[in-house]
Amino acid sequence: MTASENSKNKKSVRLKVSPRVARLVSGDAGCDEQVQALRGHLDLNDVEWLTLLVYFGQRADRELLREVRRALDTFPEDRLRLLAADNSLQLPLLGFLAKRYAHCPTVADALLTNSALPAALRSHLRKTMAASSKPVADEDAGEAAEEAGASQQMTDATDQNENPAETQPEDEEPEGTEKLSKFQMAMQMGVAEKIKAAMTGDKEWRSLLISDSNKLVSSAVLKNPRITEGEVQTIARSKSTNDELIRIILLNREWVKNYSIKLALVLHPRTPIGNALRFMGFLTEKDLKNMVKSREISPVIVNNARRILMAKSKRS
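This note's numbering puts the first residue of the sequence shown at 1, with every later residue one more than the last.
Think of the hints as simulated: they come from the structure by calculation, not from any bench. Don't be surprised by glycine CBs; every beta carbon is placed ideally from N, CA and C. Worth double-checking, as some hints may not be accurate.
[Stated by the list, open to error] In the DSBU-like style, the derived pairs of lysine-lysine whose C-alpha atoms are separated by at most 30 Å in a straight line are:
(1) 223 x 196
(2) 239 x 314
(3) 215 x 203
(4) 239 x 215
(5) 239 x 223
(6) 289 x 312
(7) 223 x 293
(8) 203 x 223
(9) 196 x 257
(10) 286 x 312
(11) 196 x 127
(12) 127 x 223
(13) 215 x 293
(14) 239 x 286
(15) 239 x 203
(16) 182 x 196
(17) 257 x 223
(18) 196 x 215
(19) 293 x 314
(20) 286 x 257
(21) 312 x 293
[Said to hold, decoys possible] Restraint ranges, calculated between C-beta atoms of paired labels, are given here:
(22) 20 x 76: 16 to 26 Å
(23) 76 x 259: 18 to 28 Å
(24) 229 x 74: 17 to 27 Å
(25) 228 x 16: 18 to 28 Å
(26) 185 x 285: 30 to 40 Å
(27) 298 x 35: 18 to 28 Å
(28) 113 x 310: 46 to 56 Å
(29) 314 x 88: 20 to 30 Å
(30) 289 x 123: 26 to 36 Å
(31) 122 x 33: 20 to 30 Å
(32) 87 x 311: 25 to 35 Å
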């Protein structure tokens, strides 16, 4: 199916969408469900989520537009990188990423490795990266987006609230040479090299390799002595985190003492149900009430949260 938006003096954007996305953008879905989808709370993959954000970014509805901007500002960078490197991603979506995240080195580098990226967008990105301290010219960006098949309207909705990641200053290099980013380096590394980088590298390496498809590599990130509890919490909260990473987190007694990590594990679909139920005894009444209202977690967790609340109510 396709979704399109028309505007006076603007080109129409047409996207192939899944049945789930088609229902959410039609009149069959209520506003509350649309808001939950834009927040990433529904069972959508990242391509579907990005498609929704692009589609609703063209709408005039203030509430939905506010949710779109918030989601685009907080979209996990490692997942954006995977989208940007996907050569099967539709051109309007590639065009949107190139416009919205042109100043984000991780996303821009991934786009440049994408063989499906049109020449105009590739040229635009290289110019933007070469002059990282300069603002992107609206005309150049619009031209690049049109080359990819995306309308200017699609990007205008989010331009006013852009908060591009700052780029780190690079050492000067001889003219005609390019400094490889860590993403580009990782693309050329073997498994053993990736494991070493995961276990000894800095935060950028850890955030890059935690999403590696090889579980030996992603697991090595959790063995890095410099990893922080904040990073572990982010990993535990991500729906894309695999079962092996969840298992390793559960085995670390210090990490599971952290309330936020404990809560994230309870909510994660890959946490063994026995562990999740055990951790629920430590959760606050507020978090338990939120679980009772949630439609995104296991019925077993919801029922146990309801039981704990009833028991607390009787005691009081």
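Hints, verified against the model:
Distance check on the hinted pair: residue 223 and residue 196 sit about 10 Å apart at the alpha-carbon level, within 30 Å; holds. Restraint check for residue 239 and residue 314: not satisfied, since their Cα atoms lie roughly 35 Å apart, outside the 30 Å limit. Pair hint residue 215 plus residue 203 holds up; C-alpha atoms about 18 Å apart against a cutoff of 30 Å. Among the hinted pairs, residue 239 with residue 215 is consistent with the structure: their alpha-carbon atoms are about 16 Å apart, no more than 30 Å.
Proposed proximity of residue 239 and residue 223 is supported: the alpha carbons are some 21 Å apart, at most 30 Å. The hinted pair formed by residue 289 and residue 312 meets the criterion: a straight-line CA distance of about 12 Å does not exceed 30 Å. For the proposed pair residue 223 and residue 293, the alpha carbon gap of about 36 Å is over 30 Å, so the pair is violated. Between residue 203 and residue 223 the CA atoms are separated by roughly 13 Å; this keeps the pair inside 30 Å, and the hint holds.
As the CA atoms of residue 196 and residue 257 are separated by approximately 28 Å, the hinted pair is consistent with the 30 Å bound. Proposed proximity of residue 286 and residue 312 is supported: the alpha carbons are some 12 Å apart, at most 30 Å. Between the alpha carbons of residue 196 and residue 127 the distance comes to roughly 33 Å, so the proposed pair goes past 30 Å and is violated. Only pairs whose Cα atoms come within 30 Å are accepted, and residue 127 paired with residue 223 is rejected, the gap being roughly 38 Å.
Restraint check: the Cα-Cα separation between residue 215 and residue 293 comes to about 34 Å, which exceeds 30 Å; the hinted pair is violated. For the hint linking residue 239 to residue 286, the alpha-carbon distance of about 22 Å falls within 30 Å, and the restraint holds. The suggested pairing of residue 239 with residue 203 holds, with an alpha-carbon distance near 20 Å, which does not exceed 30 Å. The straight-line distance between the Cα atoms of residue 182 and residue 196 is roughly 14 Å, inside the 30 Å bound, and the hint therefore holds.
With a C-alpha separation of about 18 Å, the suggested pair residue 257 and residue 223 falls inside the 30 Å cut-off, and the hint holds. For the given pair, residue 196 sits about 14 Å from residue 215 by alpha-carbon distance, which is consistent with the 30 Å threshold. Proposed proximity of residue 293 and residue 314 is supported: the alpha carbons are some 20 Å apart, at most 30 Å. For the given pair, residue 286 sits about 19 Å from residue 257 by alpha-carbon distance, which is consistent with the 30 Å threshold.
Of the supplied pair hints, the one linking residue 312 and residue 293 holds, its CA atoms being roughly 18 Å apart against a limit of 30 Å. Distance hint check: the CB atoms of residue 20 and residue 76 are about 20 Å apart, consistent with the given range 16 to 26 Å. A hinted range of 18 to 28 Å holds for the C-beta pair residue 76 and residue 259, which are about 22 Å apart. One distance hint, 17 to 27 Å for the beta-carbon pair residue 229 and residue 74, holds here, with the actual separation near 20 Å.
Take residue 228 and residue 16: their Cβ atoms lie about 40 Å apart, and the range 18 to 28 Å is violated. Hint check: residue 185 to residue 285, Cβ distance near 48 Å, so the stated range 30 to 40 Å is violated. A C-beta distance of roughly 22 Å is found between residue 298 and residue 35, which places it inside the suggested range of 18 to 28 Å. In this structure the hint that residue 113 and residue 310 lie 46 to 56 Å apart at CB holds, the actual value being about 54 Å.
In this structure the supplied range 20 to 30 Å is violated for residue 314 paired with residue 88, their Cβ-Cβ distance being about 55 Å. Restraint check, residue 289 to residue 123: a C-beta distance of roughly 53 Å breaks the suggested window 26 to 36 Å. Range check, residue 122 to residue 33: Cβ separation about 38 Å, and the 20 to 30 Å hint is violated. In this structure, residue 87 and residue 311 break the distance hint of 25 to 35 Å, their C-beta atoms being roughly 54 Å apart.
Violated hints, in rising order: 2, 7, 11, 12, 13, 25, 26, 29, 30, 31, 32; the structure is consistent with all others.
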